[in-house]
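Chains as they are written, first to last, in our numbering: chain A, 7 to 357; chain B, 7 to 357; chain C, 7 to 357.
Hints are computed from structural coordinates only; laboratory data are not their basis.
Hints are supplied without guarantee of correctness; some may be wrong.
[Stated by the list, open to error] For the chain B half of the interface with chain C, some residues (derived, Cβ under 10 Å), not all of them: (1) Pro-166; (2) Ile-211; (3) Asp-212.
We put the CB at the ideal spot given by N, CA and C, even for glycine.
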Amino acid sequence: MTIKTNPGNFFEDFRMGQELIHATPRTVTAGDVALYTGLFGVRFAINSSAEFARGMGLPEAPLDDFLAFHFVFGKTVPDISLNAVANLGYAQGRFGVPIYPGDTVSTTSTVIGLRQNKDGKSGVVYVRSIGVNQTGAMVLDYCRWVMVRKQNEAAAAPEPVTPTLPGVVAAGDLQVPDTLHVAGYNTALAGSPYLWDDYVVGEKIDHVDAMTIEEAEHMIATRLYQNTAKVHFDAMMQKASRFGRRLIYGGHIISLARSLSFNGLANAFKVVAINGGRHVSPTFAGHTIYAWSEVLGKMEIPGRSDVGALRLRTVATKDKACADFPFKDAEGNYDPSVALDFDYTVLMPRR
Amino acid sequence: MTIKTNPGNFFEDFRMGQELIHATPRTVTAGDVALYTGLFGVRFAINSSAEFARGMGLPEAPLDDFLAFHFVFGKTVPDISLNAVANLGYAQGRFGVPIYPGDTVSTTSTVIGLRQNKDGKSGVVYVRSIGVNQTGAMVLDYCRWVMVRKQNEAAAAPEPVTPTLPGVVAAGDLQVPDTLHVAGYNTALAGSPYLWDDYVVGEKIDHVDAMTIEEAEHMIATRLYQNTAKVHFDAMMQKASRFGRRLIYGGHIISLARSLSFNGLANAFKVVAINGGRHVSPTFAGHTIYAWSEVLGKMEIPGRSDVGALRLRTVATKDKACADFPFKDAEGNYDPSVALDFDYTVLMPRR
Amino acid sequence: MTIKTNPGNFFEDFRMGQELIHATPRTVTAGDVALYTGLFGVRFAINSSAEFARGMGLPEAPLDDFLAFHFVFGKTVPDISLNAVANLGYAQGRFGVPIYPGDTVSTTSTVIGLRQNKDGKSGVVYVRSIGVNQTGAMVLDYCRWVMVRKQNEAAAAPEPVTPTLPGVVAAGDLQVPDTLHVAGYNTALAGSPYLWDDYVVGEKIDHVDAMTIEEAEHMIATRLYQNTAKVHFDAMMQKASRFGRRLIYGGHIISLARSLSFNGLANAFKVVAINGGRHVSPTFAGHTIYAWSEVLGKMEIPGRSDVGALRLRTVATKDKACADFPFKDAEGNYDPSVALDFDYTVLMPRR
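Make the full structure from the sequences, and use the hints.
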């Protein structure tokens, strides 16, 4: 008789080059899209209207890119981060083919780096995770690194390997859906007259709106992605933690920030890359999330004169409006209100 | 570099006859229907069962009429009522073709009245909003008026125009779907033996059931409709308001009242008109909503002997059961428990 | 003028052999599935992935069996248990054809037993309820008994009839979908290497994970099933009850327990029978639900060498981890933490 429950992997269980096939492929549906809309209030026209999407050359409305991200990410939790202490960073995230209702997403990961911490109690695991649809086409390919506990502190430390991960996804690596065009793009229906040409590097945008998070909301969202990390769901266990309560899945703040960013970036119709990102501080139910963005770069897309890319930093704060763009102090320390510092690339129509 | 966020229109920004194309068309899906069922517990058979709807001559189960209303209404918020002080009234609401999953709804509005308040700080804006599906067929055509703040109090007052809005939609203006029939209407499956013939003008019905509202529920619902009014979502901002907390979207109470009205009006299978309505007092999470209805009128539908119309007043109360039909006192002041006083018209099969 | 609201049936309203056609057939959709996933975080691959389900010979991903149960059960509430004091037990529950999105479920019940309590104030009603899809094929056939109040205590007691209900559904009565096979069953994607052969009678499994319940969650779930029992929704009425607050629908705990059981029983891909079950103690929002299971029996399925059945007891507890399998004390009294003691049968692939 063997123990049938999955205890998750501990730091000493990972090997360089190890491949992990994650459980529970997920067919995504219009139901997931409705729930995502209800939880985050997203309004980007391409995801909201099948008619609008067809007007852009797509067969129907694709899923919000971060909803795709959460499905791909969620699969990895039971194998990668069940025993994680912290989710440290993201890099080289590239979105591939759009996901449509009816598609089935599954994820595999490869260990690309391992570095035990000096105290011998934990270590950093770097993985590259690839989500594919039912035809095997890449949906999302990204790297993340997490700090994972050791179960057996006496286990030998692995040879340390820290992968080289560029801080930005190159313009040539950004994938624009083949059939996509913006010939008949309607800015009135999309909700803003401002296109790629109107944004300036260094420009900061206060997204003005805000949303307060309830326990039911972040748990429903996180379960929808089949993310099983106990810290989000088990209030009793969390009473004994240093936070004393349930911790909100970091991706919840990414989605809120993206939704809030509509007000100022309504024509940023597609996320094509995650360059980096940091969950600066934890969030809990009751927090009100605000957001602001800075245009970090403008990139032309090779071979396309109709759409351009904007590299953005979107910062989400807790219980603090963003009119003065809270970020870091002179010493480089984040303002205590900052929950998320996220660096990503979006597409926008050009004039 | 221009300000990219939408501040919403202020009273002085509106012009008589102005047409507004509202952003973000919305494809509605079975996911929206499920969420609406989960949030309100609606049980009208025509909306719940594709088989039942087909038995009535429809291609499949249409969306609940108030879900259609919320989608049409939600589009108008960023342009009409982002700076509203109060949502004052509705009139001449006519439902057109049913919406089915897969349809895409979009909304335009026309300013049909303007009247600055005496204090010069705000004014009343009257709009007629029309929601259409992807073929351009009218889904809902209604008028509402809201009190909107001025940003620049020095702005000149417009010529005052108050539109003439009849207090009831005439029977000849009620739209019954072309193919609809009630030949095989099954009252056992519909949940009540009482048909149009059984109701009497002046009859009052206590709907008996009740539902307590949670913050997560009204926010999920309101985001589902892509209604962006901050008062519903930003608990931190609302702390400084006269209410001290998030205000529930008035339409949430309309949907709760309609759902509760099933117990007593189960065969009122379709809402065809909104004659008027008043959000009498604000509602907050924690309130328990009860409802009662009065039959205000019975109308024959021109050209149809199989279905008749009932004009109803449905009153929703907060934290007070409706066995004694709380409404107004001798001076005409509403009972403090009343949240909603709603005047609308429904269809019911005739014997 | 008649009272139009449904007061529900009281004990004296039931007759032996009485047949009840329950209202509001329900077309189930991908939206219901998404909401169920969001509320319970279920991960069984056959229900999560259309590709996985097709690999098992099914046309697409069937609904979770307990979601089917809730739809069938929900229909019965307005007629059977609106005036119930307690939901006493289940027996002889057999699942028939799987439900797929687009199917319409309706339910009828037959009274199979009646026994007035000695105090003359209430009695036990035994019903057999059968849910069918739109073709009339049986989806779920089960018995339950509830204690129902009398309205008129002077009403004569019926001849007492207690039906004979075997404590377990026989292996020969278990229905395996015709086309189902496990030839290409992928345990890596399903989430566990353990198959039917690996489980031992008497084996206990602590499912480790846990979920805390919010008011919004159990109400959204219960309304989704169109279950109308007031005790779940009306916080104001419940203030005056012996619990002082809303009571969570017992089925909510069944679904949570099933979802938690994935960790240890990931290949239990289908529930085929409910042998018995008891809601041992009430649950409220704020409770954290844990679960453990015991293998009560292993059964071969007549005519099939590829799948076997496991009879399981799954116990759900409140605010108490299950590492030491909380159950009953020496006198046979349940541990105060136990909320649910559920006896059911699942299918699992054999080696």
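* Asked: Any hints this thing doesn't respect? Which numbers, in order?
  -> 1
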